[in-house]
Structures are given as C-alpha cells and as structure tokens.
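Residue numbers (our numbering), protein chains in the order written: chain W, 1 to 381; chain Z, 1 to 1082.
Derived by calculation from the structure, the hints in this document are not laboratory data.
Where is the CB? At the ideal position from N, CA and C, for every residue including glycine.
One thing to keep in mind: the hints can contain errors.
In silico DSS-like cross-links for lysine-lysine, where the CA-CA straight-line distance does not exceed 27 Å [what the hints assert, rightly or not]: (1) LYS890(Z) - LYS32(W); (2) LYS32(W) - LYS213(Z); (3) LYS714(Z) - LYS821(Z); (4) LYS188(Z) - LYS347(W); (5) LYS232(W) - LYS317(W); (6) LYS347(W) - LYS172(Z); (7) LYS714(Z) - LYS239(Z).
Covered stretches of chain Z, as calculated for chain W (at least 3 residues, CB under 8 Å) [stated by the list, open to error]: (8) 188 to 198; (9) 615 to 627; (10) 908 to 922.
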Amino acid sequence: MEEKDLALKILHTADWHLGRHFPSFSEEDATKLTRARIEAVDRLFSLAESYAVDAVLCAGDLFDDPTPSENWWVGLLRLLDRRNWKNRPVFLLPGNHDPLEPNSVWAGDHAFRRGLPSWVHVVDRDDYEFEISDEAVLYATPCRSQAGADDLASKLPRREPNDQRIRIGLIHGQTFDIAGHQTNFPIALDAAQQRGLTYLAVGDTHAFREIPPKASPTVYPGAPESCSFGEKDTGFVALVFFPRHGRPPIIQRHSVARWRWCDERCKSLKELEALAEEDLKDCVVRLTLTMKVSLSDLDRVETILNELKGNEAAHGKAGVLQIDRRDLELDTRNVANFSQSLPEVLKSVVARLQAQGDEPDGTVARRALYHLFQTVRGPGK
Amino acid sequence: MKLLSLEVRHFRCVRKAKIEFGVGLNVLHGPNDLGKSSLAYAIRAALLLQASSKEHGEFVNWDGSGDPQVELVFESEPQRIWRVRKTFGSNAQAFLDESRNGTDFHVEARGRDVDGRLSEILRWGLAPPGGKGRPKGMPMTFLSTALLAEQDRVSAIFDQALANDSDESGKKRLVEALQAMAEDPLFKDVLGRVQDRVDEAFTPKGKKRLGQKSPWIQIRDLIRRAEEYERQCNQESQKTAALEIELRDLRAHQLECKEAVERAQGLLNQIEESHQRGTLRQEITVRLEQGKARLTAITKILEELATAERHHSDCIQHVAHVVGREQSVKTALTHANKQAQAANEEVVRLQSEDRARERLLKQSSLEKRQAELRTEQVQTKASLDQIRSVEAALETVRTLEAEVQQLTSTVEDIGNRHEAAIETVRRAEEQEHALRAVGHLLRCRVARESVKQATNGLAQINAWHNEADQQRAAAGALENAQPNIALPSQIQLDDMRQLDQELQIARARLNVGVSVTLLPKRALRVSVRRDGTYPTQHTADGSPLEASASHQIQLNVEDVAEITISGGAKDARDKFESLQTRWIAEAEPVLKRADVASVDALAQIARDVAQRSQAIQEARRAAAQLEQRVADQPDWAALLAGRRQEAAAAEETLEQVDRVKAEMLASEFGITDVAQAEHRLDLHNADRADLIAAEKRLDSELGTANARILDKQKVLAAVGEELVRARSSLQGEWQVLLRENLDRQTAVESDLKTIEAELEALSAEEGKPLTEALQALETAQQKVLSIEAEYRKVAEDLRVAENRQAASEGELKMRRELAAKLDEKDARDAVGQVESELNLVLEPDYEITDEMLTEAREQVQAARDELKSIEDHIQAKRGALQHVGGEVAKQRAEAAAEALGLAREREHELEIDYAAWELLRNTLREAEQEEGAHLGRALGDPIAKRFGELTSDRYGEIALGPNLETRGIAAAGSDRSVSSLSVGTRDQLSTIFRLSLAEQLQSTVILDDQLTQSDPQRMMWLRNLIRQVALNIQIVVFTCRPEDYLVPNETGVGGECGDGKPSVRKIDLIQIIDSDRAVPSG
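Let the sequences and hints guide you as you build the complete structure.
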C-alpha cells in the first residue's frame, strides 16, 4: 500500500507497568527486571520513530502504581525528552493499576505532568477527544480507580450519521464477562461496533489479542515485557495502518521485548547440560530440577547451576535464574566409592550419614554427605 | 585451673596452716610427718569430698580440738576465682564463693550444691551428688587420680581409665583438650572447615546466631519483609475478595429481587388485566343488558303493535260482522213486524165481541205495557252496558294512571339516584383535584428536600475538601519535622544495642581494680593517667607515689619510661579493644550522624521518626480517602442546580393549589409521600371510573323508565279519549245512572213478570182459535220483540264495536308512531355487537377484588423497594471495591504470596543446609569420640617421647587405649605391662604421664613425694622436665627433698624466687604448719 492511500499510522502499546516490583526475585534480579521495562519503552519509541507513525497510543497501566517512585516517572520523562515529536502526539491513558486519582502521577500538579513535553497528552477527562488529523479523531476515557464495574467504552460517543472520519477509541479494561464474576472494567465484545469505532485500542491483558470484526477491531497489544512466568504472546506493540476510503485497518504486531520468560524442568544431568548450552542471557529462567544423582553428578549439577547463575566474579549464563531444587535428591548408593580413600574416622562418618540418609527423612543427612564430599574435595576442585 | 591459697584447721595433725600458691612451681617442703600429705589430702577433700561424708573420720584433728576445716581458693579460668569452704564432721558445712578479683566473694552454692557445682567447674568425670553415679566417700576419677594422686598411689594412674568415671565430663574435657593434637590432618581440616560453616549460623552453645551477618537474620529479615508485604497485600486482597463475595451475593440477591419484581409485576399485570377484563365485561354486560332491555322494549312495543294491528283488524271485522247482523236483524224485524201485524189482524178479526174486546183490550194493554217494559228493559240493559264500559274504561285509566304513577315514582327515584351519582362523580373530581394538589405539595416538599440534600452534600464535599487539606497540611508539617538523617534499621539498632551491652560487659570485666606504688630512687616527674582520665602531674622525690584506678593506670615517668598497668586478663582486654574498635567503627558514626549520645536516644529518634512516618502516611491516606470520598460523591453542584429548577417548577405548580387545604388533606388522608399520594390518586381514579360507570347505568335506566312512562301515558291518553267519548254518550254521572238503571231494570223485570202472569190468565179464557191466533200473535210479537232486542243488542254491539274500532285505531296509530321511531334491527345489531364484544373479553379466571389489586400493587412496590435497596448496596460495595484495589490487589497478593513462599523455601533450604553442616560436625565429633584412638595416641606419643628421652630410648611407644587406660609399653621389641617396670621407673613414667596430662588440661598437678625411688641422673632430668612444664602450668610438689626440684641457687631461698624462667615458689612448711606434733629436728 502506498503512503498516499494511508490516512493514518499509529503505534498502540499498553501495560508497561513501570516500577513493578518482583518480590519473588533477588534484589539484583528484581532490579534487572524492573529496569527492563523502561528499556522496552525506549525500544517501542524507536519503533514509532522508524515507522514515522502519526501518533502513539498508550492504553493504561503504564505505571504499576498510581504513585510510582520518582525513578520511574523521571525515567519516562527522560525518554520522552529525548524525542522531538512535535507532530507525533503521544497519549497516556491511566489504567486500573495507575488510575487517575487526586494524588497520582497523573494529577495536574504532579511534577511528572509538569515535566511532560507539550506533545504528550494525558487522558484526564471522561469525555476526552482529540483530532489527530482532519480524517481521524481519538476518543478516550481513563480509569479512575483500581477496580470498577463500569464499561468505559459506553462513555465513548457514538458515531454521528454523517461522520466519515476514522474514529479511534482508547480505554482500559477486560473484554470478557462471566456471570457472577466480578470483571474489572468490563468491555462489551461489540463495543467498537456499538460506538462506531474504526479501531478500539485497549490495554489490560498482557497478551497480544485481536478481537474481530476486521472492520472494527478491538486490540490488546499486551505488555512490551512479560511480568511473570506463564504469560503468553507478550512483548509486542501494535502498528496500525488506517487506509483511506473506509477500508478496515491493517494491524501488525511487532516484538519489542528483550526478555524471554521460560519454565524449564530438567529430569537428568544430561538435560541440564543441554540447557546450559543454550543461549539464555536474555532469559528469565525458572529451573525445576527433578532428578536423583550420585555425589559426583550432584557436584556437576551444582557446578552447572553456578555457571548459569553466576557470581560476583562472573556473569551467569542465564539472565535471571530461579532454581527449584526441592526434587533434587542425592543417590547415596555409591558413596562408598568416594569414601575409599578417606581415613577411618571419615569413613565412619560417611557410613553414619549414609545410613541416616537412607531413612525416609534423611534429607539433612544426604545434604551433610554432600557437604562432606565437597569439603573433603576442597575448594575449587 | 590454678590453686591460689589453702587454709586448713584441725585437719589430721595440722592444727592450722595457710599457704599462698604461686603460678608456676610450688615446692612445699618439710620433714616427714610434718603434715605435707595432710595438706595434699585437704586439697582433695576440699575439691572432692562432701562435707557430710563419713570419711571425714580419717582426718579429724588428732587432738580433737575442733572440726576439720579447709578453705581452698582456686582459679578455674581468668577472673573466675572460687573459694571452697568446708567444715567436716557433725557440724558439716560447705560453701562455694565466687569472685572476679579474688577479694570480693559472693556465695555461689551451699551444702551439697557445692560439690555439684565443683563437678561442673572441674569437669573431672565426677558425677554431682544426689545421682546414682557418684561413688561414696572420697571419689577418685581418672583426672583426679592424675592431678591429685596420693603419695602411696603414685602408679594408680596406670590402673585408672576414663571409662570408670562416674560421668562423661572428664572424657569430654580431655577430648576437647587433646583433639587438636590427636586428629588426622584431613579430619582436622574437614572438621575445621565444617565448624567454620557451623559457626556462620550457630553460637558455641548451639543457638542460632543473631548478629548482622547471621544467615538467619538475613533470611528472617527477608521473610519478615515478605510477610509484611504479603500481609498488606492479603488484607487488600481479602477486602477485595470479601467485597466481591458480597457483591456476588448481592447480585444473586438482585437477580432474585428482579425475578421477584417481575413475578409480582406479572401477577399484578394478570390481576390488573383480569380486573380490567372484569370491569370491561361488567361495562359490556351493562351495555348488553341495556341493549337487550331496549330490544325487549322494542320487541314488546312491536308485539304490542302487532297485537294492536290484529285487534284493530278484529275490530273492523267485528264491526262489519255486527253491521251484517244488524241488517239481517233489521230484515228479520221487518218480517216479524209484518207477521205480528198479520197475527194481530187475525186476533182482531176473531175478537169482535165486547168481552173479547175487553179481554183483548186488556190483553192488548198488557201486551203493550209488556212491550214497553221489554223495550225499557233492553234500553236499560244497553244503558247498563254503556255505563259498565265507562266503568271498565275508568278502571283501565286508573290502572294505567297507577302504573304511570309508579313508573314516575321509579323515574324520580332513578333520577334522584342519577343526580346523586352525578354529585358523587363531581365530588370525586373535586377529590381528585385535591389529591393532585396533595401530590404537588408533596412533590414540592420532596424537591425542597432534594435541594436540601444537595446543599448538604455540597457542604459535606467542601468539609471533606477542607479536612483533606488539613490532613495534607498536617502531613506536610510532620514531614518537615522529620530529621534529614539516615537512621539505622531495627536490626542495626539491635546489633548496636548488643554491641553496647557487650562493650559494657567487657569494660566491667576490665574494672578489676588496679593499683601501683612507685618508689623512686631519685626525684622523678611523673604523670599519672587513671582510667584514661586527664593525667595528673606528680613529683616523686623519695616518698612512694600510689595510684589506683578501676581498670588502667598510665605512668609517664619523665624522660624514663611510660608504664601502662591494665586490669583484667589479656583476652578480656583484647575483647574490650575489639569491641571498642567495632563500636568506634560501627556505632559512633551512626550516633554522630544522629547527634545523639546513646543507642537508646537513637532508638528513641528512630521510634519518633517511625511514628511520624506512620502519622504522615495515615494523614495522607486519610486525605486520599477523603478525596476519594469526594470523588465518589455525585456532582452535588450540578444536582443542586437541577434540583433547584425542579423545586422551582414544583413551587410554580404549587402556586395554583390551595396549600393549606392540600396540607389538611394530606394530614386527613395520612399521606406523607408522593408515592402514597399517587397510589391514593390511582385508587381514587379507579373509584371514580366506577362512579362514572354507575352514573351511566343510572342514566340508561332513567331513559328506559322515561320511555316506559311515555308508552303508558300514550296508552292512558288513548283509553282516556275512549272514556271521554263513552262519558259523553251518558246523560249524567255514570254511577247515578248505573244505580238508576239497575233499579229500573229490577222494576221492569218485576213488571214484566206481572204482565206475563196476567196475560197467561187472559189466554186461558180465550177459545182455541183465538187462543191459537193469540198464541200466533204472541209468538209473532215475541219474535218481533226478540228481534228488536237482538237488533238493539246488535246496534249496541255495533256501537261498542265501532267504539272499540276507534279506540283500537287510536292506539294503533299511537303505537305505529312509536314503532316508527324504533329500529329493532339496529337494536338487535347493537346487542349482537355488544355480545361479540363481550365474547372477545374473556371472563377472568377468578374475581379480582380491589383488595387483591391493592395487595398486588403493594407487593410490586415492596419488591421494587427491596430491589432498589439491593442496588443501592451494590453501588456502595462497588464504591468500596474501588477503594480496596480490586484485581490489582489480588495480583499483588498473589505475587506477594509467591515471594513469601519462595523466601520460606529459601529459609527451609538454609535450615536444611545448616542443619546438614551441624549434623556433619556432630557426626564428625561423634565418630572422633567413638574412634577414640587418637586420645591415647595424642597423649601416648609425647609421653613416650619424654619417657624415651628419660630412659635413653630404652622404652618405645606407650599403648594407651581410647579411655587412656594404660595397656602397655614397648620395650625390647615387644609390648610389656607397666607393672613389669621397676617401682622407680613406674613412678617416673607415672609422673611424666601426669605432667603431660596436666599440661594438656592446663591444670594444676600435685606431686606428693613421688620420685623418691629415682636415681640422681633421672631425678635431674625429671626436675628439668618439671621446671619446663611449670612454665605452662602450676605444679605443687610436697616433698621432704626440695633440692630434687630446685636448682642449686634456689636452694634455701624462701618465698618467691626465680631466674627468669619458671616462676618458682619455695615454701617451708615448718613455718606454715601449726602442727599438733612435735616437729622433728633437721
């Protein structure tokens, strides 16, 4: 399609969750993951620039909290300051994580608001309307609380009979409703059609999702970086091209994520060795070990885990590593091999620990046996 | 352990003795029988024998001067000084006193507890008293035998073994003392590294470490933070979940209420429909009845017309018939008259004589009279018939008039009822107006209330705004009051406090009191600094300069030296300096930053800051809640404007209403709200519709009754006309005429009977021809009379028939006119239409009463009220849900729970890890103890080495078992029993054994005249060994040959002596012991 056939290009993103805490991770890893979110925002801004989009729509949950710490809003201000987008408006929509509240970052007297460039617009009214061009208009409604039962789409105006413009809606909420279930900010599945919208830009769900019909789609771009294990189809933004003559918009999803969150389970040393050979530097790995290994194999396992996790001297092979070793067991059957060369007194210790380790509650004894193995072997051997 | 002093009274042969021991070698010498062994025994008794023991009999003072008493002072470790005081015998007493400085003692234990406590302090393998293990009498263990061996049991150590001890303390102490030199290097290395790991997490007593670097503290801090975060998130999440459950329940309730409303509304609709159908059917039925009545009336009128037509036709036929009869009767009369005239002429012809003539005259007269009477009779009868027809007409008129009167009365009654109904409808309209006025009034009130509510709401919002501002201002003020310093965490504070306490304890341990006396040999300028205070300057010119302090004195002797005298043991000083260094490095900068002098002051500041922070957060939270509350409020300003407009409109409407009357009506009706007014108005409208229907019914009835009156009046008019005509044919009043005619009829009939009798008599007189002629004449005359009578009757009949025909014609004309105005088909069609209409409206299943309808409406209203209440609740809960975070709170709670789970898992992992290290350490020690061989080797090797040196390597390795039992000694290539050694050699081996053991234990050893069988060469070697060992431990030698232990230049020297090597104290017991015996000379 040629440029002249296009009436409008926009980049649609949401769910940045800047300042999100990752309490399940160590402080260092949590910092890495929190910082990753603002880096993703920078990448999506670059994407907007490279495609020369006409506007950037940010559909809520941009901060993880309505009052994020200064680091995050200052960081976002810096990213915005680096762009000089006088003809490319950016629309920031408060979501349910960062609702428009009196003391929130969106409040008019907040330093963040005062520091925003003139081309960045905060949706701070229920009847927000902005003419992006002669051919396109944006309607938006912000979340005003963390929970709500109102369909914010119902506050967007309906299409007037003679209105031929591209009409874009921008809201935050969930497009499903289960009877008896408290849906947060529910959005009717046919809201875009009801309101006569050419495109309904929404945020909340972290997965990329496009809801038909093609002529009037509702789109979730998802989070630009995953927030937890198990999330699928994350790490995208939506580039939307609006052709002239009322033809339906063309939607392209682009990946901007750096981090890949993977759940890995290794049932043998071989599997673990194979995993260690993979490129995991941009991975957040949750590694579950389900194996019973000999002392020497356990030692090898620990060595690999140290390589993956890294230490003060060297970075780990995995970007972020979480290890579940509850099902990692020591097989005590062949410890005699290890004790052959030991003095009698240590042989006696090995025999005692082996006997205790063979008991059903012998976890501590088995661990002690491994400690003995490591200690006898000495550091660095 | 180190002995400091011994004081004995009334002990065996010693009446009194007091000895001060030195730190190294103490040679207590004196001649035989002086009491040396008694003193050694006294030491054993003080440490091992219970005061109440029966064995005290062995050392009762020989002269019985008093109960044996022993007071022994010893030091178990630096600054742990013990004084044992025992009095044996019948007045047995025991005390154990403790002191740090050797001067100030306090009682630690009394009686039997003294021996229990001593067992703990000495750890010589002696069970405390009271248990099963401790032997009676003077108990001997491996260590007590080694360290305090009796003079006559020098070699007893070879027969003793740790296994025979009454408890494990001796072995444990030996293991601890010997393990360092006993272990395999690898084992030692492993144990050391394992112990390091254990020490990371546990104190020597096995408790978890609580310092800043403790892994437990770090993980617990992490868990505490995670728990706190999880608790906060969980609270929010639980609030959210609770609200969602409430909302779900409310929604379920809402659905039920909606269904209830729908059910009630459905029922109401059915009832209203049934009610409307009933009402409609009633109206249609009324109309149908009216139509039917009208049709019946028309049918009746038409039937009456038909009847009248038939009657009129009958009348015409009857008149024609009567006219025909009249003509025939007239003809018959003419014929009869002709016959009578012929008969008469015959009679006249036959009666030509006088008598006959007279008789004939009389007969003729009678017959004439009879004819007259008969004519009169006919006339009277005709008159009577005429009069009776008048009477009948009058009766008909009367009946009709009564009927008309009754109908008129009915019409009047209906008219009255109709007027009353109209009046009622009018009053109902008035009441409707009044109710509408009440409605306006109440709406106006409601509008005013709404305005008031909106005004209050607006005021409330302003108040909340102000309050929120105040809260923020308060938060700002508190924030300004917060100190701009970094304060330590609670854990850091706890660490500082612990450090402070440790420092104070360490300082206190140094405060043992030090004093110095300087005796200058020339004039000196001395600066004295006590306990680090500002130094004082002194000039010492021969007189002693004394100075004392709690823990340190620094003397600066000008141009000579700087002397520092510190109190307390070295390790205590080291510890104090270490703690002091830590204090300066860790705590003081923090205190300085906070500009406070103590940890408590710092903690107070931290508490203040925390309280202020909490107050700030609470104020901000309160402000946010207030703002949120404001945000949750409707737009009261806009509402106020709108409600004011509504109120103005209501007021304007109310101006058209009499307010006072409306108020009175509202009060009268008990109406307090608009809904009641509208409900009342609905009821009223229903009543009014009923009234209007009733009024219409009455109107219809009135029309029907008027029509009937009209019909009757028309019939009455026709009958009246007939009556007038009949009356006009009468001469006079019909009643008089009737009476006269009846009288006349009676008289005529009487006269006729008389005449007939006379005529019968005359007839009997005549002859037959005449008689027959007369009979023929009579017959002819009778026939004439009969025909005349018949003619009159026919004439009368004709008149009556003509009259009837006229009346019938009049009535027919009236009925035709009436019928011409009626349209039976139209009426029938109307009835059919109404019937069709009625058929279309189904009959309700059951009758609906007004009460049922009212009840159904009330049920609908009640269900709606409940639904509204539920919806209000839902709205409120939704508002509340917006405050507590909803989905966000749940997501955070899940993340917090996961984090907490992981932290606990880490703690669990850590516990397993350190439990494993601890288990490994314990297992290593157990194995080590059970293995035990190293004890023998540890001790055996140095003993063998020393013994080898002593005996020029004649003897080799000494075999000691795990319990240090002596198994044998290598000699001449094979193991030999110790008992095979000579007495002297065995004593020497025993001494080496005991010295080696005491050295390992760093304990005092008492040698009671043990080397008497040694040759000078070996004795010299042993003396050197003893003096060498005395560099490390205290050795107390009781001997009658001090030269065996002292080097030559020490011989004869009393008191403390030394050559820079071991500290040697030579004590002449002759000067010490106040003996009950005569001291042998020499």
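Problem set entry | chain W over the region 188 to 198 of chain Z, status - at least 3 residues with CB closer than 8 Å | Three-residue rule met by the region 188 to 198 of chain Z, so holds; n is 4.
Problem set entry | LYS890(Z) paired with LYS32(W) [C-alpha distance capped at 27 Å] | 24 Å, holds
Exercise. Are LYS347(W) and LYS172(Z) close enough, with their CA atoms no more than 27 Å apart?
Worked result: 22 Å, holds
Exercise. Does LYS347(W) lie within 27 Å of LYS188(Z) when you go C-alpha to C-alpha?
Worked result: 14 Å, holds
For this session: Could you grab the alpha-carbon distance between LYS32(W) and LYS213(Z) and see if it respects the 27 Å cut-off?
Result: With a Cα-Cα distance of about 25 Å, the restraint between LYS32(W) and LYS213(Z) holds, given a limit of 27 Å.
Exercise. Between LYS714(Z) and LYS821(Z), is the straight-line Cα distance small enough, at 27 Å or below?
Worked result: Given pair LYS714(Z), LYS821(Z) holds - Cα atoms ~14 Å apart, limit 27 Å.
Exercise. Holds or violated: are the alpha carbons of LYS714(Z) and LYS239(Z) at most 27 Å from each other?
Worked result: 94 Å, violated
Exercise. Given as covered by chain W, does the region 908 to 922 of chain Z meet the bar of three residues or more with CB within less than 8 Å?
Worked result: holds (count 8)
For this session: For the pair we were handed, LYS232(W) and LYS317(W), check the Cα-Cα distance against 27 Å.
Result: Distance of about 23 Å is within 27 Å: holds.
Exercise. Do three or more residues from the region 615 to 627 of chain Z put their C-beta atoms closer than 8 Å to C-beta atoms of chain W?
Worked result: holds (count 4)
Of the numbered hints given earlier, the model fails hint 7 alone.
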